[in-house]
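Given the coordinates of chain A, work out where chain B should sit on it, guided by the hints.
There are 2 protein chains.
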Amino acid sequence: MDGSGETKAKAPQDRLADWLAEDMAAVNALIRDRMASKHAPRIPEVTAHLVEAGGKRLRPMLTLAAARMLGYQGTDHQKLAATVEFIHTATLLHDDVVDESERRRGRPTANLLWDNKSSVLVGDYLFSRSFQLMVETGSLRVLDILANASATIAEGEVLQLTAAQDLATDEAIYLQVIRGKTAALFSAATEVGGVIAGAPDATVRALYDYGDALGIAFQIVDDILDYGGSDAVIGKNTGDDFRERKLTLPVIKAVARASAEERAFWVRVIEKGDQRDGDLAQAMAILSRHDAISQARDEALAWTARARQALDNLPVHPLREMLLELAEYVVARVS
Amino acid sequence: MDGSGETKAKAPQDRLADWLAEDMAAVNALIRDRMASKHAPRIPEVTAHLVEAGGKRLRPMLTLAAARMLGYQGTDHQKLAATVEFIHTATLLHDDVVDESERRRGRPTANLLWDNKSSVLVGDYLFSRSFQLMVETGSLRVLDILANASATIAEGEVLQLTAAQDLATDEAIYLQVIRGKTAALFSAATEVGGVIAGAPDATVRALYDYGDALGIAFQIVDDILDYGGSDAVIGKNTGDDFRERKLTLPVIKAVARASAEERAFWVRVIEKGDQRDGDLAQAMAILSRHDAISQARDEALAWTARARQALDNLPVHPLREMLLELAEYVVARVS
Chain A
0 MDGSGETKAK APQDRLADWL AEDMAAVNAL IRDRMASKHA PRIPEVTAHL
50 VEAGGKRLRP MLTLAAARML GYQGTDHQKL AATVEFIHTA TLLHDDVVDE
100 SERRRGRPTA NLLWDNKSSV LVGDYLFSRS FQLMVETGSL RVLDILANAS
150 ATIAEGEVLQ LTAAQDLATD EAIYLQVIRG KTAALFSAAT EVGGVIAGAP
200 DATVRALYDY GDALGIAFQI VDDILDYGGS DAVIGKNTGD DFRERKLTLP
250 VIKAVARASA EERAFWVRVI EKGDQRDGDL AQAMAILSRH DAISQARDEA
300 LAWTARARQA LDNLPVHPLR EMLLELAEYV VARVS
Chain B
0 MDGSGETKAK APQDRLADWL AEDMAAVNAL IRDRMASKHA PRIPEVTAHL
50 VEAGGKRLRP MLTLAAARML GYQGTDHQKL AATVEFIHTA TLLHDDVVDE
100 SERRRGRPTA NLLWDNKSSV LVGDYLFSRS FQLMVETGSL RVLDILANAS
150 ATIAEGEVLQ LTAAQDLATD EAIYLQVIRG KTAALFSAAT EVGGVIAGAP
200 DATVRALYDY GDALGIAFQI VDDILDYGGS DAVIGKNTGD DFRERKLTLP
250 VIKAVARASA EERAFWVRVI EKGDQRDGDL AQAMAILSRH DAISQARDEA
300 LAWTARARQA LDNLPVHPLR EMLLELAEYV VARVS
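Read top to bottom, the protein sequences are chains A and B. Residues 0 to 334 in numbering that gives the first Met the number 0 are what the first sequence lists, from first letter to last. Residues 0 to 334 in numbering that gives the first Met the number 0 are what the second sequence lists, from first letter to last.
Isolated chain A (complex conformation) (with noise of 0.2 Å):
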């Protein structure tokens, strides 16, 4: 349970997995239990497919972390942990059948394996579940931040399918996409580790705040590197949001300085999503002539500095340092 020594070397969310391998393994325990059913054995074999695929279970090392370092000794904040992978576990079933996938984490899809019947049946029961078991803690004000951050991600979600196309989409726009799509359980992760370990008011706050930061930072970082990041090269991971025509944030800033002849080709490409061979390659050129890149790296830098600032609140703990050495690790992947 010491992070120190010689895994110092080792990535801060692998640290986190050392340091809470205890908690871990019993969040993991839970999650293979509370995803059977005795009567549709096609639950667990699309929920395996999904959940065995070796996430890096972020999320609920973010709830247990927050109640650890805040000394809570109890067991609930498993059933958070779990409650909180849960709900990412469906909404990644409903989005690979919003967004028409075909793989994720380098596997088919389960939409793809099954048929988008199962994806959407078997995410609304894992929603289901994540709700049995936080109504298992008996915690209002944690049932109350989780229905509040489930409201928000399927808003973020039916935003961005009417934003995501629309060159009119701004900044501010984008950011509500993205706190709904990834920053709010993510803030909700951190801030029911708070309330579950009876935290002060200004404790609790504090850990939102980081969660949110650290969500927002993760998605813009995510969303450079879908065009190849800082090298700008184009990989296998490159220009799936392009393919999908959505507006992300490296586009919307080169959008809001394009010529007449780029505004054309955004048009094109992004509105009416009619892309043709080395679309791909010259968008990239485009956000490389306006700087797009770097300018949403800036952004993703002022997120994490906000995460660090929101720390600064916590009391000194190792699991604190863990987790200010994740938010520069995750912009870090850009730099």
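One copy or any two copies: either way a pair holds, since identical chains are not told apart in the list.
Here are the simulated SDA-like cross-link-like pairs (lysine to any residue), alpha carbons at most 25 Å apart as the crow flies:
id : residue 1 : residue 2
1  : Lys180    : Gln131
2  : Lys180    : His38
3  : Lys180    : Ala47
4  : Lys180    : Gln12
5  : Lys37     : Leu174
6  : Lys180    : Asp114
7  : Lys271    : Glu44
The set of hints was computed from the structure by calculation and includes no laboratory data.
Below, chain B without anything else, positioned relative to chain A:
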């Protein structure tokens, strides 16, 4: 607020609606208010299409009736009634995606008017909104009931995916499926009405039993009507389950008594989905040959009797009479 006198000839759900008119007006206002979204205009568009299509609002009336019958004087039962209607609407949106339906209540479905994405995500939004509403009541017991009902609903839907086209599906599995897809929300609706009214356990249990039996009778009748009811006439609402290859009670009864030739027919049309002109008429002829429709109707009548028995455990009240007549009316559609 009096359901007697000149309204006597009305159908029971209309008499319930008259009696509960003030409550229902408040519930409808709550529904309109909570289906709004500041950020995502697509949400009220899709929801209004469905919510205002004029469903019977049967489920919220069950919650209101249960609470009022027990003398409840607050307003939390209205929140729970809106909760139940939101959960119902969310499941309809997802069902239409799963069933690839094109029409509901005589109008094009949301997945056809917008797209599957909108139906999935707006369904998620409504489910989250329902969750917020129930948290506002501050009753952990209510939250527990609705969390369990949500899981039962999703599990039943997934079970139907795999069981529906499998001739090995028997009456026990069918019962599980329809408890999930229909009865779980009926029984939760009546049960939470009793809980919010502070009723003793035996009363709450009787309300659960009534809702469960009513929901099962309701779904069996729906499945009978899909084969033309007692008249066995092909109408515009006939044959949807057959075309979707759903193994419902009449077919399960006929399969159990099938000759080798009939069994080959069911294997072809249900399991293999190889359907040709005249097959629906052929299916109805086989159902008729084995008296499958009237046997299924007898099951529905047995559930109505259980609904009546459950009501015997509740205090005498005009609303109790209406609930009794409702249970009889549901089955009268196929008598």
